[in-house]
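> Based on the provided sequences and hints, a complete structural model is requested.
Which chain is which? The protein sequence lines are R and P, in order.
Each residue of the first sequence is one higher than the last, beginning at 1 in the UniProt record's numbering.
Each residue of the second sequence is one higher than the last, beginning at 1 in the UniProt record's numbering.
Hints should not be assumed to be uniformly reliable.
Calculated from the model, a selection of chain P residues having no Cβ within reach of chain R, i.e. all distances over 10 Å [stated by the list, open to error]:
#1 Asp99
#2 Gly101
#3 Asp103
#4 Ala115
#5 Val152
#6 Asp197
#7 Pro219
#8 Gly251
#9 Leu280
#10 Arg362
#11 Thr380
#12 Thr383
#13 Glu410
#14 Val419
Computed footprint of chain P on chain R, listed as stretches where at least three residues anywhere in the stretch have a Cβ under 8 Å from a Cβ of chain P [what the hints assert, rightly or not]:
#15 143 to 153
#16 217 to 225
Hints were generated in silico from the structure; no laboratory data involved.
The beta carbon of each residue, even a glycine, is placed where N, CA and C say it ideally should be.
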Amino acid sequence: MSDLLRRLPVALAVLVALGLPVVLDGFWLQTGLFAMAAVVGAIGLTLLVGIAGQLSLGHAFFAALGAYAYAWSVGEVGDRAAGAGLPPILGLVLAGVVAAVAGALFSPISGRLRGIYLGLATIGLVFLARHLMVNLEALTGGFNGRAVEPFSVPGFSFSNDDPDYLAIAGVEFGGLHRLWYLFLVVVLLAAWLGRNVKDSRTGRALANVRDSEAAAAAMGIHVARAKATAFVISSAYAGVAGALMALAYGRIAPDLFGLQLSIDFLVMIVLGGLGSIAGAAAGAAFVVMLPLVLTQYSSELPFLAAPGSGGLDGATLARLLYGAAIIAVLLFLRGGLAGAAGRLRHRRSPPPPDTSGLPPAPPPSAAPASAAVPEPSHPGVPTRSKETTS
Amino acid sequence: MKHRTRTALALAGCVAVLAACSTEDPNASGGGGGGGGEGDVETGNGVTDDTITVGMLTDLSGPFAAGAAIQVTQTQAYYDQVNEDGGICGRDVEVQVQDHGYDPQRAVTLYRSMAPEVVALQQVLGGPTSAAVLPLAEADGLYLGGHGWAGVALQYENAQIPGTTYAIESANAIDYLVDELGLSEGAKVGVVYFVGDYGSDSLAGAQYAAGERGLEVVPQEITPRDTDLSAQASALQQAGVSAVILGAAPGQLASLAGVLAAQGLDVPIIGNTPTFGPSLLETPAGPALEQNFYTVTSIAPYSLDEPGVQAARELYEAAAPDGELGWEVPLATAQAELLSAALEGACEAGDLTPEGVVAAMRETSDLDTEGLYATPLDYTEVTEPPTRTVYVSRASADAEGGLEVLGTFEGPSAQSYTVG
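Here is the structure:
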């Protein structure tokens with residue numbers, strides 16, 4: 001019974017998500033697509049940073065790899081930019097695989113560095129990606145980018161054609177509506193896999209490595225392999241997220257995969273609560289949707305100035321809110337949105353539920369932000385002060 | 001028991017969804033039979049019985065905020081006047097403005113919300129942003145203007161390029177250097193350009209023309225983040241260039257002109273349209289610019305004495321008495337005139353739908369802008385630029401908008417340059 005109750009919110013959320021395309025307009029569908037693509041990437045990053053404690057600013061690099069791998073493999077042979085003409089479903093898988101392989105290639109470096117040094121090393125990847133994207137013109141289309149073929153399975157295309165007209169309950173289902181369901185499936189799959197990884201032997205081993213490499217090694221965990229595993233899994237997630245982004249845009253260019261994207265991913269998981277799958281999803285939705293929604297509806301908010309008139313406009317307000325949200329979470333919400341939700345649940349039901357359920361808050365040993373900079377050799381040092389300075 | 005209920009529920013759900021599903025388009029036979037406006041004009045998105053809505057996706061909080069704001073003001077003023085004079089097709093024109101802040105993701109989402117509400121996009125500002133929106137607009141058959149002058153836009157049927165391309169500007173620049181400024185064969189010309197659709201297009205034109213005229217190009221690639229061009233200036237001096245073509249932004253022009261003057265390299269600098277801003281003349285680089293800076297633009301500079309430009313000036317000065325002056329003013333007027341002409345054409349053809357506007361724009365073969373452009377414009381060929389003639393001007397603190405017009409120019413290599 002408690003099992004059913006626990007799953008009810010998720011089931012309800014899925015049901016609502018299934019029905020949404022019938023009522024949403026193009027703007028909200030497009031926003032939802034971008035948000036869902038970001039959710040996949042954020043889940044991958046929270047596994048890496050939150051669970052395995054490896055700070056990465058290179059998520060944009062792997063997302064770019066995935067996006068271009070998809071675009072290349074699905075692209076038509078003999079088009080302006082090279083393509084392999086593979087079926088799109090294979091392209092989507094390939095996007096994850098290519099990024100995972102790149103993650104594996106990078107793991108000798110990521111295994112030797114930790115904390116801020118790993119962060120800096122991964123920044124290098126972002127610049128490498130930009131250089132490659134601009135200069136490998138035959139593959140990437142150079143600075144102007146390349147078009148992305150729409151997703152399709154035999155007999156059904158996730159675009160406006162084939163079938164040219166499709167309606168459900170009297171609402172015409174165009175490319176955006178159809179993609180919505182594809183993205184929803186991928187997001188659910190990503191969340192389910194992420195939860196399993198987190199709760200499995202692998203996940204516990206990763207958390208152990210994060211908390212103390214020496215202790216993990218003493219328990220028989222192969223530390224280097226565990227770190228490599230985390231990097232590979234997270235890269236594969238980023239690759240798939242990149243492919244979804246490519247599908248949501250319909251055209252990709254190097255500008256989309258800059259350092260800002262990496263930082264956005266990091267902000268998503270910090271806001272959501274490091275190590276929490278649901279938190280990463282919520283953080284991703286917040287970070288992606290806030291600026292889009294505020295600009296779209298700025299004209300309807302009475303205290304906002306019209307764009308360009310010099311006052312506080314929607315775009316500026318979005319940036320201020322974004323910063324304020326990060327500061328507020330770091331100061332007041334330990335464990336991010338997920339931590340807050342967990343505490344709220346605790347307060348409502350005084351006798352703690354069975355331990356097999358959701359971990360109500362991140363494990364006490366893992367103070368969220370300090371997890372990104374694991375210093376296992378000082379277990380006695382209060383983590384609080386470190387958190388506020390990092 | 002519980003399981004049976006669940007299965008039944010799931011089955012019922014599936015059946016309901018399938019029953020609601022249809023692949024027959026109820027509008028298919030009618031050919032979009034909606035609308036039914038007066039005077040037998042077919043209408044579609046963004047057109048009602050008394051208003052026509054056009055959209056602007058522009059950058060009011062990003063790097064191009066200053067120039068974009070001028071264009072928004074001027075476009076608004078233009079349509080206010082059109083509405084006072086009776087509107088287009090008996091309807092008032094309304095401008096919907098959204099700010100994408102130079103962010104492609106925001107541009108795409110804002111496009112999605114705007115597309116069903118407008119009949120045409122007056123402007124999508126910015127290279128990466130317009131590159132993201134152009135294919136979507138093409139798929140929707142929606143007119144798109146004001147996206148800059150990059151040659152890549154010429155592959156889109158729905159895009160109306162507001163003048164000639166950067167490549168042809170630069171080809172004209174080379175021709176001008178040879179024919180008017182007396183560069184001799186074998187001379188070297190430096191090209192400092194932004195990587196990307198703007199700068200690379202400019203370089204392509206310069207290289208082609210240099211090949212035709214027997215000059216040698218010394219390319220120097222920069223990014224918009226490079227604002228100190230000392231290294232590039234030194235390299236150009238070492239290479240011994242006799243002129244420089246600049247495909248960049250005002251910040252880069254100020255640095256380049258300043259450093260070249262400090263090094264004692266007294267050579268002409270010719271810039272593409274977006275290179276110049278009048279406020280540059282108040283910087284320390286001002287004197288150097290007045291001495292050496294030329295610009296090739298397909299849009300008329302602010303100070304040109306032609307009726308079209310004069311009208312634009314008057315309109316702008318009434319709308320924004322304290323506003324910045326610049327080539328954005330005639331440009332915004334010209335873009336609004338181009339779209340108005342397309343709207344009028346669509347109205348006359350009785351098809352005031354987004355597709356009708358694109359079709360009418362492609363019928364435009366001899367559009368006279370009274371001096372806003374150097375020649376009449378011809379949009380009938382998708383892959384051909386509507387004109388190949390440019391205005392050549394030079395920096396002058398005495399002229400309004402900082403540019404004094406020297407005349408129009410169309411060189412032989414600009415004529416023979418093939419786009420794409």
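> Taking the hints in turn, state whether each one holds.
Each hint, compared with the structure:
For aspartate 99/P, the non-interface assignment is contradicted: its Cβ lies about 4 Å from the closest Cβ of chain R, within the 10 Å cut-off. A cut-off of 10 Å between C-beta atoms contradicts the statement that glycine 101/P is not in contact with chain R; the least separation is 5 Å. For aspartate 103/P, the shortest C-beta to C-beta distance to chain R comes to about 8 Å, within the 10 Å cut-off, and the non-interface label is violated. Listed as outside the interface, alanine 115/P is inconsistent with that label: its C-beta sits roughly 7 Å from the nearest C-beta of chain R, within the 10 Å cut-off.
The claim that valine 152/P lies off the interface is violated: its Cβ sits roughly 6 Å from the closest Cβ of chain R, which falls inside the 10 Å cut-off. The claim that aspartate 197/P lies off the interface is violated: its Cβ sits roughly 5 Å from the closest Cβ of chain R, which falls inside the 10 Å cut-off. Look at proline 219/P: its CB is around 15 Å from the nearest CB on chain R, clear of 10 Å, so calling it non-interface holds up. Chain R leaves glycine 251/P outside its interface by the beta-carbon criterion, the shortest separation being 19 Å against a cut-off of 10 Å.
Every C-beta of chain R lies more than 10 Å from that of leucine 280/P, the closest at about 22 Å, which supports listing it as non-interface. Here arginine 362/P stays apart from chain R, with its beta-carbon at least about 22 Å from theirs, past the 10 Å limit. Interface exclusion of threonine 380/P from chain R stands, the closest Cβ pair being 25 Å apart, more than 10 Å. Chain R leaves threonine 383/P outside its interface by the beta-carbon criterion, the shortest separation being 14 Å against a cut-off of 10 Å.
Even its closest Cβ contact with chain R, about 27 Å, leaves glutamate 410/P beyond 10 Å, as expected for a residue assigned away from the interface. Residue-level check passed: valine 419/P sits 15 Å from the nearest beta carbon of chain R, beyond 10 Å. Counting residues of the stretch 143 to 153 of chain R whose beta-carbon sits less than 8 Å from any beta-carbon of chain P gives 4, enough to reach three: the coverage restraint holds. Coverage of the stretch 217 to 225 of chain R by chain P is violated [criterion: at least 3 residues with CB-CB distance below 8 Å; count 0].
Against the hints set out earlier in the document, violations occur for numbers 1, 2, 3, 4, 5, 6, 16.
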